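There are 2 protein chains.
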Amino acid sequence: MLEKIAAALRAAKSIAVMPHISVDGDGLGSSLALCMALVNMGREAVVYLEEEIPAMYEFLPGRSMVKVYDGNVKHFDVVAALDTGDIKRLGSRAKLLEVGSVTVNIDHHNTNSGFALLNYVDTEASAVGEIIYNMISLLKQSIDSSIATCLYTAISTDTGGFRFSNTTALTHRIAADLVDKGVNVSEISRRVFELTSIGKARLTGEAIKALELFDNGRVAVIVIKDDMIARSGAVEEDCEGIVNIGRSIKGVEVAAMIREKGNRQVKVNLRSNGDTDVSEIASAFSGGGHKRAAGFVAKAEVEHLKIELLGHIEKALKSN
Amino acid sequence: MLEKIAAALRAAKSIAVMPHISVDGDGLGSSLALCMALVNMGREAVVYLEEEIPAMYEFLPGRSMVKVYDGNVKHFDVVAALDTGDIKRLGSRAKLLEVGSVTVNIDHHNTNSGFALLNYVDTEASAVGEIIYNMISLLKQSIDSSIATCLYTAISTDTGGFRFSNTTALTHRIAADLVDKGVNVSEISRRVFELTSIGKARLTGEAIKALELFDNGRVAVIVIKDDMIARSGAVEEDCEGIVNIGRSIKGVEVAAMIREKGNRQVKVNLRSNGDTDVSEIASAFSGGGHKRAAGFVAKAEVEHLKIELLGHIEKALKSN
Numbered sequence: 001m002l003e004k005i006a007a008a009l010r011a012a013k014s015i016a017v018m019p020h021i022s023v024d025g026d027g028l029g030s031s032l033a034l035c036m037a038l039v040n041m042g043r044e045a046v047v048y049l050e051e052e053i054p055a056m057y058e059f060l061p062g063r064s065m066v067k068v069y070d071g072n073v074k075h076f077d078v079v080a081a082l083d084t085g086d087i088k089r090l091g092s093r094a095k096l097l098e099v100g101s102v103t104v105n106i107d108h109h110n111t112n113s114g115f116a117l118l119n120y121v122d123t124e125a126s127a128v129g130e131i132i133y134n135m136i137s138l139l140k141q142s143i144d145s146s147i148a149t150c151l152y153t154a155i156s157t158d159t160g161g162f163r164f165s166n167t168t169a170l171t172h173r174i175a176a177d178l179v180d181k182g183v184n185v186s187e188i189s190r191r192v193f194e195l196t197s198i199g200k201a202r203l204t205g206e207a208i209k210a211l212e213l214f215d216n217g218r219v220a221v222i223v224i225k226d227d228m229i230a231r232s233g234a235v236e237e238d239c240e241g242i243v244n245i246g247r248s249i250k251g252v253e254v255a256a257m258i259r260e261k262g263n264r265q266v267k268v269n270l271r272s273n274g275d276t277d278v279s280e281i282a283s284a285f286s287g288g289g290h291k292r293a294a295g296f297v298a299k300a301e302v303e304h305l306k307i308e309l310l311g312h313i314e315k316a317l318k319s320n
Numbered sequence: 001m002l003e004k005i006a007a008a009l010r011a012a013k014s015i016a017v018m019p020h021i022s023v024d025g026d027g028l029g030s031s032l033a034l035c036m037a038l039v040n041m042g043r044e045a046v047v048y049l050e051e052e053i054p055a056m057y058e059f060l061p062g063r064s065m066v067k068v069y070d071g072n073v074k075h076f077d078v079v080a081a082l083d084t085g086d087i088k089r090l091g092s093r094a095k096l097l098e099v100g101s102v103t104v105n106i107d108h109h110n111t112n113s114g115f116a117l118l119n120y121v122d123t124e125a126s127a128v129g130e131i132i133y134n135m136i137s138l139l140k141q142s143i144d145s146s147i148a149t150c151l152y153t154a155i156s157t158d159t160g161g162f163r164f165s166n167t168t169a170l171t172h173r174i175a176a177d178l179v180d181k182g183v184n185v186s187e188i189s190r191r192v193f194e195l196t197s198i199g200k201a202r203l204t205g206e207a208i209k210a211l212e213l214f215d216n217g218r219v220a221v222i223v224i225k226d227d228m229i230a231r232s233g234a235v236e237e238d239c240e241g242i243v244n245i246g247r248s249i250k251g252v253e254v255a256a257m258i259r260e261k262g263n264r265q266v267k268v269n270l271r272s273n274g275d276t277d278v279s280e281i282a283s284a285f286s287g288g289g290h291k292r293a294a295g296f297v298a299k300a301e302v303e304h305l306k307i308e309l310l311g312h313i314e315k316a317l318k319s320n
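Which chain is which? The protein sequence lines are W and Z, in order. Residue numbers are given in this note's numbering: position 220 of the first sequence equals residue 220, and the series is strictly consecutive. Residue numbers are given in this note's numbering: position 308 of the second sequence equals residue 308, and the series is strictly consecutive.
Just chain W, same shape as in the assembly:
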């Protein structure tokens, strides 16, 4: 199937590449890398985002290829969604998929709904960056330091810096090859993992204060409310990674971050230490994800939702 997709890309003149909304390092890095390789092949290629590039990823090369989608319908020979589990995660850009001649879906989420004409889902891949690394090789394009930087960032983000269980021998082999192509490892790591704004730091402090433990310390829950973000001088994207605070505490098996956005709008991120499948918990709320990382959105009052969520987590803990 990857070869079929490569053939479609070769045959196309114009290609739109789209990662999921609230784009992360894997979505953006993979999209930029693919787009750069396509431009190197003489194709007209663009990365469409739903929002502006998050500040922490502004260092990535290839930003000139990025457009924030303006909602206008525009035809492309190939429209490729990357790192996108289902069509909802494209937001308004789903329109572009509707009018593309060939639609492509390249992903590694086991919940992927197969929404395109050509679907390639490799759940063994730590990141879509690994798949795009192979794709660029299928397209017989070379990897320069810009593409390598994007792919290393993609893989680094989704493996938590080669720390999560999705890190395989192949992940390290690909990383080795990318370092050979000229990646600045410490600079990428600093940007992706270390550097933080004072707002995000303050929000982290608020989050730790708000952290609650349940089930004898096996479950950690952090509720982030609007006033905490305002008080911290933080922005919405600073909530990313907050759920990992709970997961990092000794004894915690399942961690949840509940983001209460205004009135009865709730977004939940779930993380597991690996024994509990949090994608099953998420799917009880019409969400999805992986065994160790999942999430959902809901319309609910936050305290109600927390109790319901804790019930599901407790059941999942007991059954493993």
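A hint or two may mislead.
No farther apart than 35 angstroms at their CA atoms in a straight line, the calculated lysine-lysine pairs in the DSBU-like style are these [said to hold, decoys possible]:
1. Lys209(Z) to Lys225(W)
2. Lys306(Z) to Lys209(W)
3. Lys181(W) to Lys250(Z)
4. Lys181(W) to Lys181(Z)
5. Lys4(W) to Lys181(Z)
6. Lys250(W) to Lys67(Z)
7. Lys250(Z) to Lys67(W)
8. Lys267(Z) to Lys209(W)
9. Lys181(Z) to Lys291(W)
10. Lys225(Z) to Lys250(W)
11. Lys209(W) to Lys209(Z)
12. Lys225(W) to Lys225(Z)
13. Lys261(Z) to Lys209(W)
14. Lys291(W) to Lys267(Z)
No wet-lab data here; the hints were simulated from the structure. Just so it is clear, the structure is predicted and the values come from calculations on it, not from any experiment.
Fit chain Z to the given chain W structure using the hints.
What follows is chain Z alone, placed relative to chain W:
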């Protein structure tokens, strides 16, 4: 030279392996891996430590080969120091070096003093774990999952989890091979980098709350008082690393943690982003350290000391 050392190990019946005092993941992981390979070759081999195994490394295999040195002189055919820049870093175990038939020094610090008969210092190696990986291959021993776990921990520790600039393509290639031998990546990463106590997490929250910025955000100061530690349920050693919170904030060039211990007892840690030499600031208070990391202790009232310290930092910032 590595081949010469391998020959000496092959020829020996009894071997003592010793990492530096205050052992870290590279020192301990490398020593355990080498010792296991030697035992697999039928040699009598032991790892001598100056202190007990640190709690965070208790998960490493091969603990039964470890002895805390009791100060008695004992003869070994080969005595090998690993990851040890100079003989002082062996503490009381320097005695074993004195009576060993053949002494060996395997290291990657560019300051290594070459204190043994056979010295192998590879400053390109991210960790001594990389060198021991090669040594085990020279000894024609296979790497099982226990040895792989020790070597992966060694490399992972010294590269900050594949994040520091010492991470090379070879580092990733060796890591790939170790994963193939059966390493539990997420478990090691969790133990080495992630797991924290709820007390340390709460203290981190308190520290962020206490964080103050000066000089237009170029200086970050965190004062940790006894009541913050008590309120968090933290212990003294949880203060380690708190200074890095300040350093990780965008725009901060110098970060300080001031630990007020009881009455007028103050301990200060300083970190710099590299432009300012904090060892010079520390030496103004009779302390010391490196350009990027320094510290001192003082008898002073904390608010007074803070003002004095800020004066010195400001001067250092202006002069660079």
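Hints and how they fare:
1. Between Lys209(Z) and Lys225(W) the CA atoms are separated by roughly 17 angstroms; this keeps the pair inside 35 angstroms, and the hint holds.
2. Restraint check: the Cα-Cα separation between Lys306(Z) and Lys209(W) comes to about 26 angstroms, which is no more than 35 angstroms; the hinted pair holds.
3. Restraint check for Lys181(W) and Lys250(Z): satisfied, since their Cα atoms lie roughly 28 angstroms apart, inside the 35 angstroms limit.
4. Proposed proximity of Lys181(W) and Lys181(Z) is supported: the alpha carbons are some 26 angstroms apart, at most 35 angstroms.
5. Straight-line distance between C-alpha atoms of Lys4(W) and Lys181(Z) comes to about 34 angstroms, which keeps the hinted pair within the 35 angstroms bound.
6. Proximity of Lys250(W) to Lys67(Z) is assessed by CA-CA distance (about 28 angstroms); at most 35 angstroms being required, the pair is judged to hold.
7. Our distance criterion of 35 angstroms between C-alpha atoms is met by Lys250(Z) and Lys67(W), whose separation comes to about 27 angstroms.
8. Note on Lys267(Z) and Lys209(W): the hinted pairing holds, with a Cα-Cα distance of about 26 angstroms set against a maximum of 35 angstroms.
9. In summary, the hint linking Lys181(Z) to Lys291(W) is supported, as the alpha carbons are separated by about 24 angstroms, within the 35 angstroms threshold.
10. A C-alpha spacing of about 24 angstroms is found between Lys225(Z) and Lys250(W), which places the hinted pair at or below 35 angstroms, so the restraint holds.
11. Between Lys209(W) and Lys209(Z) the CA atoms are separated by roughly 10 angstroms; this keeps the pair inside 35 angstroms, and the hint holds.
12. At most 35 angstroms may separate the alpha-carbon atoms for a hinted pair to count; Lys225(W) and Lys225(Z) meet this at roughly 29 angstroms.
13. As the CA atoms of Lys261(Z) and Lys209(W) are separated by approximately 24 angstroms, the hinted pair is consistent with the 35 angstroms bound.
14. Proposed proximity of Lys291(W) and Lys267(Z) is contradicted: the alpha carbons are some 44 angstroms apart, above 35 angstroms.
When held up to the earlier numbered hints, the structure conflicts with hint 14 and nothing else.
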